[in-house]
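Please model the complete structure; the sequences and the hints are all you need to start from.
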Amino acid sequence: MKRFFAQLYIWVLLVILYAPLVFIAIFSFTESKVLGNWKGFSTRLYQNLLTGDMQGNSSLLQAVENTLLIALIAAALATLLGTVAAIGIHNMNGRSRQAITFLNNIPMINPDIITGVSLFLLFVFLHISQGYTTVVLAHITFCTPYVVLSVLPKLRQMNPNIYEAALDLGATPGVALRKVLIPQLRGGMVSGFILSFTMSLDDFAVTFFTRGTIGLDTLSTYIYTDARKGGLTPELRPLMTLIFLIILVLLVVFNVRQQRLAKKTQRV
Amino acid sequence: MKRSSWAIPYALFLVVFVLLPLILVVVYAFQDSMGRFTLGNITKFFTDRDTLSTFAVSLEVALENTLLCILLGYPAAWILANRKLNRSAVTIVLFILPMWVNALMRTLATAELFNMLGVTLGKGTLLFGMVYDYLPFMIYPIYNILDKMDKSYAEAAADLGARPGTVFWKVTVPLSMPGVASGVLMVFMPTVSTFAISEFLTNNKIKLFGTIIQENINSSMWNYGAALALVMLVIIGLSSLLSGGEKEEMQGGLI
Amino acid sequence: MAEKIIEIQHVSKSFDGKRVLEDINLYIKKGEFLTLLGPSGCGKTTLLRMIAGFLAPDEGAILLDGKEMGDLPPHQRPLNTVFQRYALFPHLDVYDNIAFGLKLKKVPVDEIDRRVRRVLKLVAMSDYEDRDVETLSGGQQQRIAIARAIVNQPKVLLLDEPLAALDLKMRKDMQIELKEMHRKLGITFIYVTHDQEEALTLSDTIVVMNEGRIQQIGTPTDIYNEPVNCFVADFIGESNILKGRMIRDRRVAFIKHQFDCVDEGFGEDVPVDVVVRPEDIYFTTDPQKCQFKAKVNTCTFKGVHYEMWVDTDTGYELMIQDYDPYPVGSEVMLYIDPDDIQVMKKERTANVLEGKVTGDGKVELLGGEFPCDTSAYEVGDEVRVEIPFGGVELLDNREEGILSGEVHFILYMGDHYHLTIKTDDGDFLWVDTTDIWDKGDLVGITAAEKDIRILGRL
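Protein chains in written order, with this note's numbering: chain A, 1 to 268; chain B, 269 to 523; chain C, 524 to 981.
These aren't lab readings, by the way, just hints derived from the structure by calculation.
Take these hints with a grain of salt, some might be off.
[Stated by the list, open to error] Calculated pairs, EDC-like style, for lysine to aspartate or glutamate (alpha carbon to alpha carbon, straight line, at most 20 Å):
hint, chain 1, residue 1, chain 2, residue 2
1, A, Lys179, C, Asp619
2, A, Lys229, B, Glu380
3, C, Lys945, C, Glu909
4, A, Lys154, C, Glu657
5, A, Lys33, B, Glu380
6, C, Lys945, C, Asp955
7, B, Lys473, A, Asp226
8, C, Lys945, C, Glu929
9, A, Lys179, C, Asp616
10, B, Lys475, B, Glu328
11, A, Lys229, B, Glu483
12, A, Lys179, C, Asp655
13, A, Lys39, B, Glu380
Encoded structure:
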């Protein structure tokens with residue numbers, strides 16, 4: 001009985017949580033301009049989106065491309081920077097470690113708007129014209145702390161002698177890094193990368209303040225401007241539905257694999 | 269062998285892209301548009317009725333949102349972490365999943381859903397939307413700490429004669445406070461500072477503090493914008509001091 | 524005499540200003556099995572890591588085959604290490620772990636294959652080459668770690684507590700295997716452990732270390748039978764350590780009785796420490812042989828022998844091991860052979876400290892102000908001060924002491940405890956007490972005016 005109510009509570013929350021997403025998905029199959037106005041079933045919006053033929057709204061696809069590219073570059077650079085930093089921090093102690101950990105925490109604690117405004121002021125102060133590069137730099141700023149926090153526990157779990165064992169067996173420090181250290185940290189680096197990638201995808205405020213005035217749009221800023229103009233581009237609906245489905249599939253695959261792996265190690 | 273030096277590039281990066289910008293916020297906050305020192309921006313904040321009332325409303329909404337998130341999220345996290353009540357690891361993933369869909373899009377959809385259902389946009393819808401957006405951020409850290417909690421504490425308490433209710437209030441809840449604290453950290457300040465979400469959910473009827481900052485920066489009132497950002501920074505500093513400031517529970521476990 | 528393969532000359536090392544090795548001098552003979560033995564924190568692992576090249580000495584030199592190794596990085600040293608907790612590469616299988624070093628040296632593939640198979644056979648793991656290392660048991664991982672090191676044919680094999688993570692039975696089996704492997708391979712083994720029994724079983728030579736210094740170097744029998752100080756006597760095996768007095772050559776007094784012994788050259792009427800192993804105290808029924816009497820206090824069966832605690836007629840407690848039990852409460856007659864009494868020079872007979880007179884009746888010692896009769900001295904005088912072991916008082920409450928510190932080492936001396944106290948500043952004080960303290964207890968330290976005596980100006 002207790003279990004029934006517990007499950008009921010969880011599922012009620014989930015239904016509420018998913019209602020807007022289902023709402024979008026349903027109305028992605030109708031042609032109406034406005035969300036919530038059912039004009040009969042149609043896959044027209046999907047066709048428009050996939051063929052790129054949208055009455056004058058081709059900037060949506062440009063925004064999607066920007067979003068993906070920025071997320072990819074920012075996540076890759078953040079992973080590189082964060083991994084190297086984590087190895088350094090792991091080997092630090094005392095004051096300097098405290099100081100760098102403190103600074104590393106700031107972008108995570110700061111709300112996006114503070115990160116955005118402060119970086120905006122930085123670029124203004126340094127007279128850097130804002131655009132693609134500044135957005136990428138800003139995204140690296142708020143992504144890297146998460147990479148550091150993903151890689152650090154891997155370093156802590158790692159047998160501290162493993163790196164030395166490689167040196168002992170004749171590996172130069174470079175070889176030991178490539179052949180022993182990196183393979184051990186791969187899990188942390190991958191989850192750091194994925195975390196960075198998704199946070200970059202989802203970011204609105206930081207991009208909003210650092211994109212400058214050259215008309216650079218990511219999906220978030222596109223939606224914001226679009227909504228403020230009144231009336232969303234209808235093709236956003238199928239786009240969101242597709243994104244949701246892709247992530248759903250990815251997560252299911254990932255979790256099934258994870259569980260299988262867990263079972264396998266349990267058996268051993 | 270000095271591998272601690274590997275942190276140097278990132279340390280420099282942090283100084284330029286985290287520390288320096290924050291210093292600039294302070295500097296700009298105490299300058300007028302000509303670059304001269306002034307306290308005008310700060311006094312303007314404390315004397316401008318509109319800003320102050322927006323500020324108060326923001327804090328109120330943030331407080332209510334945080335409380336609602338704890339009230340709704342704690343039981344959910346507790347159920348999810350309890351093997352007897354929830355055998356499937358998939359449910360926790362279902363709670364995190366919506367976070368991958370663009371937040372603005374989700375918010376717009378929520379607003380449209382309210383429109384369709386004939387609910388007037390206002391304070392109520394704003395709170396609903398906020399809870400909707402931030403609930404996963406509260407559930408996840410609490411779930412994480414409850415899930416990792418050593419079961420022997422609860423068993424020891426039961427062994428010493430505590431009844432289930434007592435075990436929960438005297439042992440489980442106090443031990444899970446760090447999770448609640450990092451949840452609060454991830455919900456409270458972001459709520460104060462949201463701008464797009466409140467605009468969409470109230471049809472611009474209710475302004476939050478973030479909107480004012482955004483409006484000032486966008487209309488080139490950088491100095492006043494910086495002063496407002498500084499006010500937020502001070503509150504963040506205070507609130508993270510109060511909650512212990514640790515956010516390590518996040519540790520890459522979101523997938 | 525066999526040739527020296529490694530020589531360690533005047534090596535010292537500090538971490539963060541804390542001395543962990545102090546002027547270490549040692550040579551290791553080619554082909555021998557040498558063990559560095561000591562409690563955790565004694566510096567043994569630091570010394571091993573310096574030999575391997577992971578750390579550089581602050582002072583002194585380490586020579587291999589007569590040539591100084593200097594800054595030679597670990598990957599260029601012809602030595603290999605078996606690490607504590609093995610440090611196998613989790614992302615490689617058994618075969619690739621073992622082949623790691625050979626592949627780096629660009630050894631031809633068929634030779635790698637031949638050598639890997641040979642060492643796998645040597646460690647009795649032939650069928651495991653494709654296994655994931657994380658699926659192996661502790662003992663199996665240990666064998667692979669050894670195989671991975673010896674496949675490179677090092678001149679010296681370094682082993683850092685390799686058996687510490689195994690359970691008792693496994694550890695005993697592996698000891699035999701290691702000894703056998705050492706015999707077959709004929710290379711030098713340098714072995715680090717804190718387990719005295721392991722050291723006694725395996726080694727040709729044992730180096731006992733404590734507090735960053737070498738205490739004693741010798742064969743297992745030397746170390747066991749003739750410990751040079753209380754630390755070694757206490758650390759190796761069970762022992763009765765007692766305060767004694769050398770009356771003259773070959774005659775020593777302890778537990779308020781006099782005994783014949785074989786030690787000479789200490790001088791007459793000199794305070795000494797005496798060690799008697801519990802198995803060297805014999806029961807007798809012959810009043811002629813009886814040297815002293817005692818009453819059996821406890822008697823515990825230990826598998827092979829019985830362990831008994833007895834109270835002597837003079838009020839001391841002694842541990843005795845014998846194959847036959849004696850009933851608790853019974854009066855027994857005991858004797859000790861002269862050969863079995865090990866007399867050691869006392870390292871110190873009282874705390875001698877340097878201090879400064881800071882005021883009338885006050886002297887500053889180790890950073891605290893103690894009351895003291897300073898009538899013959901002036902403020903500002905730098906003086907040498909003596910506090911007898913029994914004069915230092917320990918308090919439960921740290922705040923109540925003039926100094927505070929922790930119990931660092933405990934020695935039971937038959938009727939009292941001899942404690943080494945480490946102050947918060949890292950200085951040492953020695954205390955005799957009948958109170959029971961545990962190692963690591965935090966204590967306040969004080970001393971009464973009557974027990975603090977100024978010996979003279981510096």
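Here's how the hints hold up against the structure:
1. A:Lys179 to C:Asp619: Status holds; Cα separation ~12 Å.
2. A:Lys229 to B:Glu380: 15 Å, holds
3. C:Lys945 to C:Glu909: Distance ~17 Å between lysine 945 of chain C and glutamate 909 of chain C Cα, so the pair holds.
4. A:Lys154 to C:Glu657: This hinted pair holds, its Cα atoms lying about 16 Å apart.
5. A:Lys33 to B:Glu380: 13 Å, holds
6. C:Lys945 to C:Asp955: Holds, at about 14 Å.
7. B:Lys473 to A:Asp226: 19 Å, holds
8. C:Lys945 to C:Glu929: OK: lysine 945 of chain C and glutamate 929 of chain C at ~5 Å, within 20 Å.
9. A:Lys179 to C:Asp616: Holds: lysine 179 of chain A and aspartate 616 of chain C sit about 14 Å apart, inside 20 Å.
10. B:Lys475 to B:Glu328: 12 Å, holds
11. A:Lys229 to B:Glu483: 16 Å, holds
12. A:Lys179 to C:Asp655: 17 Å, holds
13. A:Lys39 to B:Glu380: Status holds; Cα separation ~16 Å.
Hint check: no violations occur; every hint is consistent with the structure.
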